Amino acid sequence: MINSLLWTPLVFGLIGLFLPRRLAGWWATLGTVATLGIAVSLVAGFDSGAPGMQDTVDVNWIPGLGVDYSLGLDGLNVFLVLLTAVLWTAGTAFAAFREQERPHLFFLMMLIGETATLGSFLAQDLLLFVLFFDLMLVPFYFLFGAWGSDREDGTTASAAMLKMIVYTLIGSLLMLVAAIATAIIAADGGHITFSIAELAKHPIGEGSQRWIFWFFAAAFLVKMPAFLLHGWMPDAYRAAPLPALAVFSGVLAKVGAYGFLRVVLPLFPAATVEFQEVILVIALASILYGSVMAFTQTNIRLVAGYSSVAQLGFITAGIFALSADGSDGAILQMVNHGLVVAPLFVIVAILVERSGTEDLREMGGMAMKAPVLAALFLIVTLATLAMPGSANFVGEFYILNGLFDSKIVFAIVAISGVAMSAYYALRLYQRTMHNRKPEELISREINWRDGAVLVPLVLCILGLALYPQLILKRTDPTVASTVAGVSGAEVKGPHVFTFQEYREGKR
Amino acid sequence: MNFHAPHIDYAALSPVLALAVGLCAVLLAGVFRPLKRSVPALTLITLATTAGLMIWRWDTPQDLVSGALRIDDLAISISLIAVLTAAFAVLFSIREPAAEQAGKGEYHALLLGSVLGMVLLAQAQNLVTFFVALETLSIPLYILCATNMRREKSLESGLKYLIVGSLGSATLLYGMAFLYGGTGSTDFSGIAQGIAQKGVLGDPLILVGIGMAAVGLAFKTSIAPFHQWTPDVYEGAPSPITSFMAVATKAAAFAVFIRFFDVALAPQASEWQPALAALAAISIVIGNVGALGQDSLKRLLGYSGIAQAGYILGGLVVASEAGINAIVFYLAAYAFMNLAAFAVVIARERETPYGDDIAAVRGLGAERPLLAWPLTISMLGLAGLPATAGFIGKLYLIEALVEGDYTWLAVFIAVGTMISLAYYLRVVAAMWMRPESGAVPAIAGASPEADPIDVEAGRRPYLVVPALLAAAAVVFFGVIPEPLVKFAEHAGASLF
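Same order as they appear, the protein sequences are chains A and B. According to the numbering used here, the first sequence is numbered sequentially starting from 1. According to the numbering used here, the second sequence is numbered sequentially starting from 508.
Hints were generated in silico from the structure; no laboratory data involved. Worth double-checking, as some hints may not be accurate.
Unchecked claim - Computed footprint of chain B on chain A; a stretch qualifies when at least three of its residues, placed anywhere within it, have a C-beta under 8 Å from a C-beta of chain B:
id, segment
1, 60 to 69
2, 146 to 159
3, 166 to 177
4, 395 to 406
Unchecked claim - Where chain A lies over chain B, by a calculated footprint (3+ residues, C-beta under 8 Å):
id, segment
5, 713 to 722
6, 839 to 845
7, 889 to 902
8, 984 to 993
Stated by the list, open to error - In silico negatives: residues of chain A with every beta carbon more than 10 Å from chain B:
id, residue
9, E99
10, L105
11, L127
12, L162
13, A181
14, I184
15, I192
16, G207
17, R238
18, N299
19, V418
20, N435
21, Q469
22, S481
This one's a predicted model, so the numbers in the text were calculated from it and none came from an experiment. The beta carbon of each residue, even a glycine, is placed where N, CA and C say it ideally should be.
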């Protein structure tokens, strides 16, 4: 099951190469829908009470090097997998509705991207994780570079991509060395294994943890991107074709945050505790910097891009609160943010098509003639700013709750991020939907095609707002045991508190 | 005085003999006009026979000719890489102007001669056979580099290679003399015993000897700072020969590098390891930085080869079985990646007026996808991206390095790989993406004596099929590396 989930997109992509041009997009969409179906059935069959792996695959891949092809589904990744499947379906369908140059290649790359992303969420072998993590970059390099747009100031898409690749691979190649070092130190002359579960049982010495922690952290922080490591983001976001950017921003950024939960916390607990505050400072800096930049940008893509920086800062802060609440909130928020940022970019794409510009100052007045679009956008906006009642509110609440418990000073600073998100989200909405309409702007209602992409996504947001427990209930047992491994002092004895017990105040 | 002729095991020597016989046959066939057309086929048959005989000797290690040679899985695996590369080079040489000008028979016979040297070199475990084999390998290459006689650069390349190569050989020979003087033996095992008694630092003769031998080998494997000839020679030589040199010479020289350091000098590993590690690090930096500004694809591959030699040397530094496995795996992967790239470069060189300039592959993705894919896969593989054999190769090397306590060198490999992305991806971007801003050179690399253009070269099966095969191998061994891992493990196990 889990195997077919992983490989369905790739298989569809390869078959699609042999179909006529006009069918390529539809075939790819069919592939993503099939993947979504498998993902939904996996979530439906997921046992919400149990921590640990459910539905695993484990095959010796390169026995000579100790690398296994090992996949698994647990509370940490089950909803991220679902998110991937949902957003890819939306992004691919949106692209299929439009004319693409060289469609075969475009959709092949989209689907390779989906397989690679699913792979990095599912991998339970450290090296397999690194492999998929790096592989994610390749299709997006092509998508952004070959179908992206050059800027007027002469920055070409391929130059922007080079920057992105170098930035992200700096992190992930060091991560490769670090992963191998972890396994070899842990093996201590014995049989080498890269299995994350095995490695987590006997964490390596604290001295080694220190440097290895940073090699991993660098890779994940670049991917998010976090403050100071975000240099590739503005160029890449401005160059990227919007359907690809929607999934990129919606899902790939989350892989970095997920990596902390999957790899760093269980494998390097001592270093995690030691550097907790450093990472929290970076996270807060990302919140503040991302928000402030989102206030001031006039390019509509960059507003969304910098708001992602801020949101990912929030998620990182939640993880490094090192409490079950914080990490629960982080996972919920990862899904939430994916669900709002993807429709946001779809709307951005529609707006850019209508107005012919990406400059916020030249937009406005869209709501007059397009009330449905405006309504959908409003829901997305309110979710972005974490309006009470939205799942984002629940997510941020959990994150802040976790942070208050452990690091109150950081929590107080982080709260300002909530307020700031309201400002940039509303600014984006007002500048595009309200205000006076520029003369050259064509304002009309969205057609059924765009609606078919947007409405389901917005329904997901609404559904999650009504029932965030859907996620929390399933993630909490695993998250609690992951976090308990790090801050063992907080949870006394071998007993791990479940979410219910925690809520009932048994702690 | 009685002289006992050494026992000669003809069965184990059969690969070498087959090559020698084939070489003569090819040379003779080239003389007779009616047979001339069959020269490439005859060369391929010779190579196939050699490969077949070597596979027959797989897994039966034995000393030959009083221990002057040793045929084991290391020798065979390296020889197979050399033979495979030569076979590709023969295909690349079809319609190659250089082969026509030099005379087909001579050209192919020289190629086989060089392969013969490589096969011997991979088996050598005695200073004398080592040197003789090295010269058998090198001298044909000096000539082959200069076979494109109408192009000034080709002649320059041959001369440069001759001078620098001879310098390397002389240094090596001088070092060997010191080693013999210091230990009283020419056998690797005898040298090992001699050194064990005195220690490397105990006798300046030995120390100087080892140093000079290492420098000589570094010249052959194009390890910085003894690499200066590489880009020039690669650029000037006829492209099929460049592809052969880039892969096979490196493989063969690394085989003897392994035998010399990991067998003869293994007990003193801790004394030479830091020196070789430093060489590896320098190569990685110089190769990768040097490649950044290159517009000529052959020069780019030359510099990339220097960097890759640095990575491979890392496997030698740790002097462990895992290290040797990693070297053999990486050499095999490197062979496939480079051959795929060269097939495309050669096709475009014949097809466009741009020569080997990067402009020749501009827009290749739309124009000739069957050529663009192999070059793309090759570049991604050389850059070490996942799902290619290059990734597994780097993984293997890094694992060996970390295990051997050379984590800092592993970090160097990672850093070098990052730098390398800048130029590998430049080639990929040229094929698939809109051109970078800046004017396209009108016709770079072309000169009045340029070779005629063959507008169909990009469709010729003898270029497209090898390119696709090599690229498929890169992906295959990136996804299912186990067969190649087994192959490499055999090689490593034969020494330990």
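Hints versus structure:
no.	hint	verdict
1	60 to 69	holds (count 6)
2	146 to 159	holds (count 7)
3	166 to 177	holds (count 7)
4	395 to 406	violated (count 0)
5	713 to 722	violated (count 0)
6	839 to 845	violated (count 0)
7	889 to 902	holds (count 8)
8	984 to 993	holds (count 4)
9	E99	holds (17 Å)
10	L105	violated (8 Å)
11	L127	violated (7 Å)
12	L162	violated (6 Å)
13	A181	violated (5 Å)
14	I184	violated (5 Å)
15	I192	violated (8 Å)
16	G207	holds (13 Å)
17	R238	holds (15 Å)
18	N299	holds (20 Å)
19	V418	holds (37 Å)
20	N435	holds (35 Å)
21	Q469	holds (37 Å)
22	S481	holds (30 Å)
Hints 4, 5, 6, 10, 11, 12, 13, 14, 15 from the list above are not met by this structure, while the remaining hints are.
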